[in-house]
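Go by the hints and put chain B onto chain A.
In the order they appear, the protein sequences are chains A and B.
Heads up: the first sequence runs through residues 348 to 470, numbered per this note's numbering.
Heads up: the second sequence runs through residues 7 to 113, numbered per this note's numbering.
Note that these hints are calculated values from the structure, not bench results.
It is possible that part of the hints are untrue.
Computed cross-link-like contacts, DSS-like style, restricted to lysine-lysine with a CA-CA straight-line distance of at most 30 Å [claimed, not checked]:
| id | chain 1 | residue 1 | chain 2 | residue 2 |
| --- | --- | --- | --- | --- |
| 1 | A | Lys-436 | B | Lys-48 |
| 2 | A | Lys-449 | B | Lys-51 |
| 3 | A | Lys-436 | B | Lys-109 |
| 4 | A | Lys-425 | A | Lys-403 |
Coverage of chain A stretches by chain B, computed from C-beta distances (three or more under 8 Å per stretch; other residues unrestricted) [said to hold, decoys possible]:
| id | region |
| --- | --- |
| 5 | 352-364 |
| 6 | 445-456 |
| 7 | 461-470 |
To list a few chain A residues with every Cβ distance to chain B over 10 Å, as calculated [as the list claims (entries may be wrong)]:
| id | residue |
| --- | --- |
| 8 | Thr-375 |
| 9 | Asp-382 |
| 10 | Ala-402 |
| 11 | Thr-418 |
| 12 | Ser-420 |
| 13 | Cys-429 |
| 14 | Thr-437 |
Please read these numbers as outputs of a predicted model, since none were measured by experiment.
Where a beta carbon is used, it is the ideal one built from N, C-alpha and C, also for glycine.
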Amino acid sequence: EVQLVESGGGLVQPGGSLRLSCGASGFTFSDHYMDWVRQAPGKGLEWVGRSRSKAKSFTTEYAASVKGRFTISRDDSKNSLCLQMNSLKTEDTAVYYCVRAKEVVGGYYFDYWGQGTLVTVSS
Amino acid sequence: DIQLTQSPSFLSASVGDRVTITCRASQGISSYLAWFQQKPGKAPKLLIYTASTLQSGVPSRFSGSGSGTEFTLTISSLQTEDFGTYYCQQLKSYPLTFGGGTKVEIK
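For reference, chain A alone in the conformation it holds in the complex (with noise of 0.2 Å):
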């Protein structure tokens, strides 16, 4: 059974600093495209950033508003994401999914989701 498992959200100040992580279990993760999304308080869904598989050399693409201030990496022995952010501001305040990415003929779709892990900026 897939499973993706976040840790690490809290309670941080804006200017701050957070490592979030995503533990992987039940499939072979190093073959997986890998996603972080993230839910705004009662707001819908705005996509994070992508590390692609080892085949494609962990490259990474990153959303605008978080680009230069968060960076994704993985360790593909351990089966781990992570999410590191930095200078954190009140509207990075969400919950964060970790998403795996499936490749079918015609792109990489999210098939699985975490439970997700609220991430609150706030003085």
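Below, chain B without anything else, positioned relative to chain A:
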């Protein structure tokens, strides 16, 4: 960035009704579109990918159609468990973007 506009933003329908949600893209995205269902306090669930392919385990009353700039999600016979918010997502180009959501209420 590719904008996705969903309509309606809210709908209320009865059990057994046929329900259609529309997603319009600001530029052509071929069939690089997915649909998700999200219930309160839960993570989104993939329903449809490549615009019309039903994800494994999803009931056949859900279907998707469209290509280019206009897409629809149809629930052929609404069930009580279908309440929630539905989102479309484009995967044609970065940044990946979602529609604003359609909240479905059961009358």
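Checked hints:
1. A:Lys-436 <-> B:Lys-48: The hint holds at about 25 Å.
2. A:Lys-449 <-> B:Lys-51: 14 Å, holds
3. A:Lys-436 <-> B:Lys-109: 28 Å, holds
4. A:Lys-425 <-> A:Lys-403: 19 Å, holds
5. 352-364: The restraint on the region 352-364 of chain A is violated, since only 0 of its residues have a Cβ under 8 Å from chain B and three are required.
6. 445-456: holds (count 6)
7. 461-470: With 3 residues closer than 8 Å to chain B, the region 461-470 of chain A meets the three-residue bar; holds.
8. Thr-375: Holds, since 18 Å exceeds 10 Å.
9. Asp-382: Its Cβ does come within 10 Å of chain B, the nearest being 8 Å, so this is violated.
10. Ala-402: 18 Å, holds
11. Thr-418: Non-interface label stands for A:Thr-418: nearest chain B Cβ at 16 Å, farther than 10 Å.
12. Ser-420: Correct as stated: the minimum Cβ-Cβ distance to chain B is 19 Å, above 10 Å.
13. Cys-429: The claim holds: A:Cys-429 sits with its nearest Cβ about 19 Å from chain B, beyond 10 Å.
14. Thr-437: Label holds. Min Cβ-Cβ 21 Å, cutoff 10 Å.
Taken one by one, the earlier hints fail for this structure at numbers 5, 9, listed in ascending order.
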